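Enquirer: Below, each chain spelled out in residue letters.
2 protein chains.
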Amino acid sequence: MMKIAVDAMGGDNAPKAIVEGVMLAKKDFPDIEFQLYGKEAEIKKYVTDENNVRIIHTDEKINSDDEPVKAIRRKKQASMVLAAQAVKNGEADAIFSAGNTGALLAAGLFIVGRIKGIERPGLMSTLPVMGKDGGFDMLDLGANADNKPEHLLQYGILGSFYAKQVRGIDNPRVGLLNNGTEETKGSELTKKAFELLKGEATINFIGNVEARELLNGAADVVVTDGFTGNAVLKTIEGTALNMMALLKESILAEGFKGKMGALLLKDGLRNLKNEMDYAKYGGAVLFGLKAPVIKTHGATGPEAVSYTIRQIHTMLKSDIVPQLVAQFDAREEKKAN
Amino acid sequence: MMKIAVDAMGGDNAPKAIVEGVMLAKKDFPDIEFQLYGKEAEIKKYVTDENNVRIIHTDEKINSDDEPVKAIRRKKQASMVLAAQAVKNGEADAIFSAGNTGALLAAGLFIVGRIKGIERPGLMSTLPVMGKDGGFDMLDLGANADNKPEHLLQYGILGSFYAKQVRGIDNPRVGLLNNGTEETKGSELTKKAFELLKGEATINFIGNVEARELLNGAADVVVTDGFTGNAVLKTIEGTALNMMALLKESILAEGFKGKMGALLLKDGLRNLKNEMDYAKYGGAVLFGLKAPVIKTHGATGPEAVSYTIRQIHTMLKSDIVPQLVAQFDAREEKKAN
Numbered sequence: 000m001m002k003i004a005v006d007a008m009g010g011d012n013a014p015k016a017i018v019e020g021v022m023l024a025k026k027d028f029p030d031i032e033f034q035l036y037g038k039e040a041e042i043k044k045y046v047t048d049e050n051n052v053r054i055i056h057t058d059e060k061i062n063s064d065d066e067p068v069k070a071i072r073r074k075k076q077a078s079m080v081l082a083a084q085a086v087k088n089g090e091a092d093a094i095f096s097a098g099n100t101g102a103l104l105a106a107g108l109f110i111v112g113r114i115k116g117i118e119r120p121g122l123m124s125t126l127p128v129m130g131k132d133g134g135f136d137m138l139d140l141g142a143n144a145d146n147k148p149e150h151l152l153q154y155g156i157l158g159s160f161y162a163k164q165v166r167g168i169d170n171p172r173v174g175l176l177n178n179g180t181e182e183t184k185g186s187e188l189t190k191k192a193f194e195l196l197k198g199e200a201t202i203n204f205i206g207n208v209e210a211r212e213l214l215n216g217a218a219d220v221v222v223t224d225g226f227t228g229n230a231v232l233k234t235i236e237g238t239a240l241n242m243m244a245l246l247k248e249s250i251l252a253e254g255f256k257g258k259m260g261a262l263l264l265k266d267g268l269r270n271l272k273n274e275m276d277y278a279k280y281g282g283a284v285l286f287g288l289k290a291p292v293i294k295t296h297g298a299t300g301p302e303a304v305s306y307t308i309r310q311i312h313t314m315l316k317s318d319i320v321p322q323l324v325a326q327f328d329a330r331e332e333k334k335a336n
Numbered sequence: 000m001m002k003i004a005v006d007a008m009g010g011d012n013a014p015k016a017i018v019e020g021v022m023l024a025k026k027d028f029p030d031i032e033f034q035l036y037g038k039e040a041e042i043k044k045y046v047t048d049e050n051n052v053r054i055i056h057t058d059e060k061i062n063s064d065d066e067p068v069k070a071i072r073r074k075k076q077a078s079m080v081l082a083a084q085a086v087k088n089g090e091a092d093a094i095f096s097a098g099n100t101g102a103l104l105a106a107g108l109f110i111v112g113r114i115k116g117i118e119r120p121g122l123m124s125t126l127p128v129m130g131k132d133g134g135f136d137m138l139d140l141g142a143n144a145d146n147k148p149e150h151l152l153q154y155g156i157l158g159s160f161y162a163k164q165v166r167g168i169d170n171p172r173v174g175l176l177n178n179g180t181e182e183t184k185g186s187e188l189t190k191k192a193f194e195l196l197k198g199e200a201t202i203n204f205i206g207n208v209e210a211r212e213l214l215n216g217a218a219d220v221v222v223t224d225g226f227t228g229n230a231v232l233k234t235i236e237g238t239a240l241n242m243m244a245l246l247k248e249s250i251l252a253e254g255f256k257g258k259m260g261a262l263l264l265k266d267g268l269r270n271l272k273n274e275m276d277y278a279k280y281g282g283a284v285l286f287g288l289k290a291p292v293i294k295t296h297g298a299t300g301p302e303a304v305s306y307t308i309r310q311i312h313t314m315l316k317s318d319i320v321p322q323l324v325a326q327f328d329a330r331e332e333k334k335a336n
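Heads up: the protein sequence lines correspond to chains A and B, in order. Positions 0 to 336 (numbering that gives the first Met the number 0) are the ones given, in order, by the first sequence. Positions 0 to 336 (numbering that gives the first Met the number 0) are the ones given, in order, by the second sequence.
Since the hints were derived computationally from the structure, they do not count as laboratory data. Model, not experiment: these values are computed from the prediction. All C-beta atoms, glycine included, are put in the ideal place defined by N, C-alpha and C.
Interface residues of chain A toward chain B, partial, derived using beta-carbon atoms under 7 Å:
{"id": "1", "residue": "Glu187"}
{"id": "2", "residue": "Ala210"}
{"id": "3", "residue": "Arg211"}
{"id": "4", "residue": "Leu214"}
{"id": "5", "residue": "Thr227"}
{"id": "6", "residue": "Val231"}
{"id": "7", "residue": "Ala239"}
{"id": "8", "residue": "Leu271"}
{"id": "9", "residue": "Glu274"}
Some residues of chain B that are not near chain A, with every Cβ distance over 12 Å (derived):
{"id": "10", "residue": "Asp27"}
{"id": "11", "residue": "Pro29"}
{"id": "12", "residue": "Tyr45"}
{"id": "13", "residue": "Asn51"}
{"id": "14", "residue": "Ile55"}
{"id": "15", "residue": "Glu90"}
{"id": "16", "residue": "Gly116"}
{"id": "17", "residue": "Ile168"}
{"id": "18", "residue": "Gly300"}
{"id": "19", "residue": "Ile319"}
{"id": "20", "residue": "Asn336"}
With a cut-off of at most 20 Å between alpha-carbon atoms, the simulated DMTMM-like pairs for lysine to aspartate or glutamate come out as follows:
{"id": "21", "chain 1": "B", "residue 1": "Lys247", "chain 2": "A", "residue 2": "Glu248"}
{"id": "22", "chain 1": "B", "residue 1": "Lys190", "chain 2": "A", "residue 2": "Glu66"}
{"id": "23", "chain 1": "B", "residue 1": "Lys131", "chain 2": "A", "residue 2": "Glu236"}
{"id": "24", "chain 1": "A", "residue 1": "Lys258", "chain 2": "B", "residue 2": "Asp266"}
{"id": "25", "chain 1": "A", "residue 1": "Lys69", "chain 2": "B", "residue 2": "Glu182"}
{"id": "26", "chain 1": "B", "residue 1": "Lys115", "chain 2": "B", "residue 2": "Glu199"}
{"id": "27", "chain 1": "A", "residue 1": "Lys265", "chain 2": "B", "residue 2": "Glu248"}
{"id": "28", "chain 1": "A", "residue 1": "Lys247", "chain 2": "B", "residue 2": "Glu248"}
{"id": "29", "chain 1": "B", "residue 1": "Lys131", "chain 2": "A", "residue 2": "Glu248"}
{"id": "30", "chain 1": "A", "residue 1": "Lys247", "chain 2": "B", "residue 2": "Asp132"}
{"id": "31", "chain 1": "B", "residue 1": "Lys184", "chain 2": "A", "residue 2": "Asp64"}
{"id": "32", "chain 1": "B", "residue 1": "Lys184", "chain 2": "A", "residue 2": "Glu66"}
{"id": "33", "chain 1": "A", "residue 1": "Lys147", "chain 2": "B", "residue 2": "Glu187"}
{"id": "34", "chain 1": "A", "residue 1": "Lys247", "chain 2": "B", "residue 2": "Glu212"}
{"id": "35", "chain 1": "A", "residue 1": "Lys147", "chain 2": "B", "residue 2": "Asp145"}
{"id": "36", "chain 1": "B", "residue 1": "Lys247", "chain 2": "A", "residue 2": "Asp266"}
{"id": "37", "chain 1": "B", "residue 1": "Lys184", "chain 2": "A", "residue 2": "Asp145"}
{"id": "38", "chain 1": "B", "residue 1": "Lys247", "chain 2": "A", "residue 2": "Glu212"}
{"id": "39", "chain 1": "B", "residue 1": "Lys191", "chain 2": "A", "residue 2": "Asp145"}
{"id": "40", "chain 1": "B", "residue 1": "Lys258", "chain 2": "A", "residue 2": "Asp266"}
Using the sequences and the hints, build the whole thing.
Expert: Here's what the structure looks like:
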């Protein structure tokens, strides 16, 4: 039986969306025990099937505007903190939250803890490749503001493992986000990272990729520092949202003709929206920790919650974390000798 | 009479698109002398009005795949190099090219030369604010792979000057691209740059802006390092292109219904495309040099060329470069005392 610790109080629509998502996922995964941390009375309202569900009551929770590290240290009874503690104590195998991202990163680092040998866990999401099935895994999306070349090498190894084990891609192509495709291009950071990635035998490094080609599927895994990754992810989101809004506005401005057009195009537009929606791949993984620590968007609905539980299920089933621990142990040993 | 040195051989459609663009612009600007550098016989084909046009013949040109710095040093008779030399010698007031970007950056730095006190000229474009008139100026978009905090301060001053003098914005809002809006957020680079920008009395610094808000007009001037700026610009382009392509594909997949819808939506889609097209603001300025050095896209057409000439005309008329020289001279003097 897998055990997932769920921060039932995290996110804009908590606990409703979280618990409803758990109920959805329960149907597909009878091999999961769900531990729901939060206000029992509120949670209970949405529990339609108590089988394999445990509620661990607590009144305290972390708010979206709490200062992350302080919140983790001071709100010892917060639902997120208790869920992370359960993972640390071996009572749960993974933690899931839609709450304060910074606080979850802090809980991951300080309570769950890093895999030995991984210096800076990275935030990773599977982003959409447009017009095709599948997506690409990108990290770090912002867990760190400054990264060293060695971190980027570790992201290459982590991302490659994930693409293989969780997304089922044979020999995933690992690319380094850079300001040009030529080998000589780049900042001091990316030039050094290029050399490290090129020298790494366990991954299929294909060289530099440019931001313009990401959504075309230039690589299966894209490695970057947290500052750039954060900027790129938010730029994709901002551009997509703006274009959808503008398209809507243009249609309305056209009056009847536009509305007729939009009606006829409805499926096409919905298709476009679906393509851009990467919630289907699950949440963002804070990767490099001793257990899966997964974040979904604060505004998430029950369906996205259930996708994330499917993702955690695959991660646990594939034993990716124990394999990573073994891999990095071996690397540390090699370094020591 | 203003004098603009034009690299007539740069870009995918040269010299046709370039010379046709010049002919378009000539109608609006009888106060410009155009110096067209390149193959006389080819250029002449498209010159429909010889008034205020001088052709300076040369057989040599820089190709898009030439190694930039080498090309500038070895191809001494290339159209781009001769145009830059004309600016250096005071025979022209500005240079314009749609050719090899790296080579133009090198020609700008090594031939035209930096304004005293400006360490690292930045590449700046006016990008669209969607659904509204106007745009925002962003720099550095990739002239540099690594920047120091002081460079970002200088970009703030340069961008603010441009927004005021060329785009006519009173008291332009200068924002620092960062991974969060709070003052404490950021990398080592952005934290230090924040302090410098905050302490600069000559600009209206409004603090951090996030990549998600750029196209919403979060600031009139957005300051960033060249690596991040390059990634953000290419992400905007890649996302927009992918969404347009996918929308088209969705429409075709819908068959008759989709085609009818698309027909009815045509004006709306064209509107969207226009909003995304920032060629109307002119080309990219390599900013911080002793004269305007302007690059337009290699695939540019005559209309975009004429927009760029209008931009150069405004830059020259507003005396922005002499003003910047005076401003940075004063800063250097203050530093020395």
